[in-house]
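Asker: What follows is each chain in one-letter form.
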Amino acid sequence: MIVALNGRRAELPDGATVADAVKEAGVDGDGRGVAVAVDGEVIRKVEWGKTKLEGEQKVEVVHAVQGG
Amino acid sequence: MRSRVDSGSRTPVSVPGDGPADGGAARAGDQPDSGFDLGDRSWGSRLIVGSGGFPSLEAMERALTASGAEIVTVALRRVDPGARGSALEVIDRLGLFALPNTAGCYTARDAVRTAHLAREVFETDWIKLEVIGDDRTLFPDAVELVGAAEILVDEGFTVLPYTNDDPILARRLEDVGCSAVMPLGSPIGSGMGIRNPYNVQIIVERATVPVILDAGIGTASDAALAMELGCDGVLLSSSVARAKDPERMALAMRRAVEAGYGARRAGRIPRKLHAEASTPGEGIPELG
Chain A
1 MIVALNGRRA
11 ELPDGATVAD
21 AVKEAGVDGD
31 GRGVAVAVDG
41 EVIRKVEWGK
51 TKLEGEQKVE
61 VVHAVQGG
Chain B
1 MRSRVDSGSR
11 TPVSVPGDGP
21 ADGGAARAGD
31 QPDSGFDLGD
41 RSWGSRLIVG
51 SGGFPSLEAM
61 ERALTASGAE
71 IVTVALRRVD
81 PGARGSALEV
91 IDRLGLFALP
101 NTAGCYTARD
111 AVRTAHLARE
121 VFETDWIKLE
131 VIGDDRTLFP
141 DAVELVGAAE
151 ILVDEGFTVL
161 PYTNDDPILA
171 RRLEDVGCSA
181 VMPLGSPIGS
191 GMGIRNPYNV
201 QIIVERATVP
211 VILDAGIGTA
221 SDAALAMELG
231 CDGVLLSSSV
241 ARAKDPERMA
251 LAMRRAVEAG
261 YGARRAGRIP
271 RKLHAEASTP
281 GEGIPELG
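For the record, the sequence lines run as chains A and B. The first sequence begins at 1 in my numbering and counts up one residue at a time. The second sequence begins at 1 in my numbering and counts up one residue at a time.
Misleading hints may appear alongside valid ones.
[To be verified] Stretches of chain A that chain B covers, calculated by requiring three or more beta carbons in the stretch to come under 8 Å of a beta carbon on chain B:
#1 10-21
#2 39-51
#3 56-63
[Stated by the list, open to error] Below are the EDC-like pairs computed for lysine to aspartate or glutamate, each with C-alpha atoms no more than 20 Å apart in a straight line:
#4 A:Lys23 to B:Asp110
#5 A:Lys23 to B:Glu286
#6 A:Lys45 to B:Asp125
#7 A:Lys23 to A:Glu54
#8 A:Lys45 to B:Glu61
#9 A:Lys58 to B:Asp92
#10 A:Lys23 to A:Glu11
#11 A:Lys45 to A:Glu24
#12 A:Lys23 to A:Glu56
#13 A:Lys58 to B:Asp125
#14 A:Lys58 to A:Glu41
#15 A:Lys45 to A:Asp28
#16 B:Lys244 to B:Glu120
#17 A:Lys58 to A:Asp20
#18 A:Lys50 to B:Asp80
#19 A:Lys23 to B:Glu120
#20 A:Lys45 to B:Glu123
#21 A:Lys45 to A:Asp20
#22 A:Lys58 to B:Glu123
#23 A:Lys58 to A:Asp14
[Unchecked claim] Label-pair restraints from in silico Cβ distances:
#24 B:Lys244 to A:Gly55: 48 to 56 Å
#25 A:Glu47 to B:Asp37: 20 to 28 Å
#26 A:Gln57 to B:Thr65: 18 to 26 Å
#27 B:Leu57 to A:Ile2: 44 to 52 Å
Don't read these hints as lab results, they were simulated from the structure. Everything numeric in this text was worked out from a predicted model, so none of it was measured. For glycine and all other residues, C-beta sits at the position ideal for the given N, C-alpha and C.
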């Protein structure tokens with residue numbers, strides 16, 4: 001299926017979860033300091049592995065950056 | 001031109017910063033030396049520094065250390081697998097509190113969602129709330145700002161809103177339960193200082209939550225003025241990060257905030273149009 005992952009088209013296997021999308025976005029390790037929103041709604045970290053994605057969803061994977 | 005300034009008057013001229021020594025001290029969170037209460041915590045430093053705009057993480061670390069700040073603002077953006085180092089690692093190593101912002105949000109909805117993401121990333125319910133109206137001025141959108149503040153306060157966030165230098169808007173933000181009000185001095189990154197000290201003074205006079213001057217600081221005297229006006233703290237970013245020597249400017253800002261606060265507490269002399277001799281006029285010998 002195709003999702004919009006951080007603004008880019010990404011192909012994920014059917015049945016992929018938020019955890020898979022996080023990995024696809026380039027996050028290594030346990031995802032500390034990372035948060036995810038799917039279609040604008042935050043998915044808590046404990047739910048990443050069991051939240052399945054659907055095609056065309058917008059997945060945003062964010063972390064801390066320098067900012068004023 | 002204000003009507004009170006007339007050439008024949010000996011009446012003290014009242015301008016912003018001339019308030020009584022206890023003008024700021026009477027409000028909540030004040031302590032004899034420095035330090036203030038913000039949210040549910042006490043802080044030793046009244047200077048809050050943004051982490052954006054530094055030429056390198058190393059420069060940021062040196063400047064943050066020199067500033068003495070305990071609170072550092074950070075932002076959220078999409079992960080970048082190629083990024084080197086992490087601002088959060090530096091902030092953690094220095095033992096500072098990372099205050100997430102909602103920079104770049106134009107609507108209440110986006111700001112609320114960004115605050116939710118920030119809560120996940122930083123494991124804090126503190127948020128520096130920014131909802132801007134356009135990218136040319138970066139002025140807050142008052143309507144969206146109050147709407148977002150109300151929602152986030154209801155959800156249990158400690159909301160610190162970046163706001164216009166508008167006393168009525170500041171009151172509205174306080175009324176919905178914000179933990180501080182943070183009026184701009186002038187546009188973000190402009191370095192124009194405090195363009196309307198009169199409004200800042202009015203905000204300070206009636207606020208019952210801390211007032212933190214946020215945005216527009218260009219140099220140390222601007223930070224000192226903010227404190228002389230009675231602000232409880234100063235939040236600045238570009239003036240340090242984009243200075244030729246960020247570390248040195250950070251130290252200057254630290255001293256400026258302390259000096260301005262001290263001057264406010266001490267109570268400055270009233271301004272007068274004419275001289276008032278400090279040496280006694282009596283007992284002058286006749287030498288002619």
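Asker: Evaluate each hint against the coordinates.
Answerer: Structure-based check of each hint:
With 0 residues having a Cβ less than 8 Å from any Cβ of chain B, the stretch 10-21 of chain A misses the three-residue criterion, and the hint is violated. Counting residues of the stretch 39-51 of chain A whose beta carbon lies closer than 8 Å to any beta carbon of chain B gives 5, which meets the minimum of three for the stated coverage. Counting residues of the stretch 56-63 of chain A whose C-beta sits closer than 8 Å to any C-beta of chain B gives 4, which meets the bar of three, so the coverage hint holds. Of the pairs offered as hints, the one joining lysine 23 (chain A) and aspartate 110 (chain B) is violated, with about 25 Å between alpha carbons and a cut-off of 20 Å exceeded.
Distance restraint check for lysine 23 (chain A) and glutamate 286 (chain B): the Cα-Cα separation of roughly 92 Å exceeds the 20 Å cut-off, and the hinted pair is therefore not satisfied. Distance check on the hinted pair: lysine 45 (chain A) and aspartate 125 (chain B) sit about 16 Å apart at the alpha-carbon level, within 20 Å; holds. With a C-alpha separation of about 17 Å, the suggested pairing of lysine 23 (chain A) with glutamate 54 (chain A) holds against the 20 Å cut-off. A C-alpha spacing of about 29 Å is found between lysine 45 (chain A) and glutamate 61 (chain B), which places the hinted pair above 20 Å, so the restraint is violated.
Annotation: proposed proximity of lysine 58 (chain A) to aspartate 92 (chain B) is violated, straight-line Cα distance about 31 Å (limit 20 Å). Note on lysine 23 (chain A) and glutamate 11 (chain A): the hinted pairing holds, with a Cα-Cα distance of about 13 Å set against a maximum of 20 Å. At most 20 Å may separate the alpha-carbon atoms for a hinted pair to count; lysine 45 (chain A) and glutamate 24 (chain A) meet this at roughly 16 Å. About 18 Å separates the Cα atoms of lysine 23 (chain A) and glutamate 56 (chain A), which keeps this hinted pair within 20 Å; it holds.
Of the pairs offered as hints, the one joining lysine 58 (chain A) and aspartate 125 (chain B) is violated, with about 25 Å between alpha carbons and a cut-off of 20 Å exceeded. Of the supplied pair hints, the one linking lysine 58 (chain A) and glutamate 41 (chain A) holds, its CA atoms being roughly 10 Å apart against a limit of 20 Å. A distance of roughly 14 Å separates the Cα atoms of lysine 45 (chain A) and aspartate 28 (chain A); the hinted pair therefore holds under the 20 Å criterion. This hinted pair does not check out: lysine 244 (chain B) and glutamate 120 (chain B) have alpha carbons roughly 35 Å apart, beyond 20 Å.
Proposed proximity of lysine 58 (chain A) and aspartate 20 (chain A) is supported: the alpha carbons are some 14 Å apart, at most 20 Å. Pair hint lysine 50 (chain A) plus aspartate 80 (chain B) does not hold up; C-alpha atoms about 24 Å apart against a cutoff of 20 Å. Restraint check: the Cα-Cα separation between lysine 23 (chain A) and glutamate 120 (chain B) comes to about 17 Å, which is no more than 20 Å; the hinted pair holds. As the CA atoms of lysine 45 (chain A) and glutamate 123 (chain B) are separated by approximately 12 Å, the hinted pair is consistent with the 20 Å bound.
Of the pairs offered as hints, the one joining lysine 45 (chain A) and aspartate 20 (chain A) holds, with about 12 Å between alpha carbons and a cut-off of 20 Å not exceeded. Restraint check for lysine 58 (chain A) and glutamate 123 (chain B): not satisfied, since their Cα atoms lie roughly 24 Å apart, outside the 20 Å limit. With a CA separation close to 15 Å, the supplied pair lysine 58 (chain A) and aspartate 14 (chain A) stays within the 20 Å bound. For lysine 244 (chain B) paired with glycine 55 (chain A), a C-beta distance near 51 Å keeps the hint of 48 to 56 Å intact.
Checked against the hint of 20 to 28 Å, the pair glutamate 47 (chain A) and aspartate 37 (chain B) fails, with Cβ atoms roughly 36 Å apart. Here the CB-CB span from glutamine 57 (chain A) to threonine 65 (chain B) is close to 43 Å, at odds with the stated 18 to 26 Å. Take leucine 57 (chain B) and isoleucine 2 (chain A): their Cβ atoms lie about 36 Å apart, and the range 44 to 52 Å is violated.
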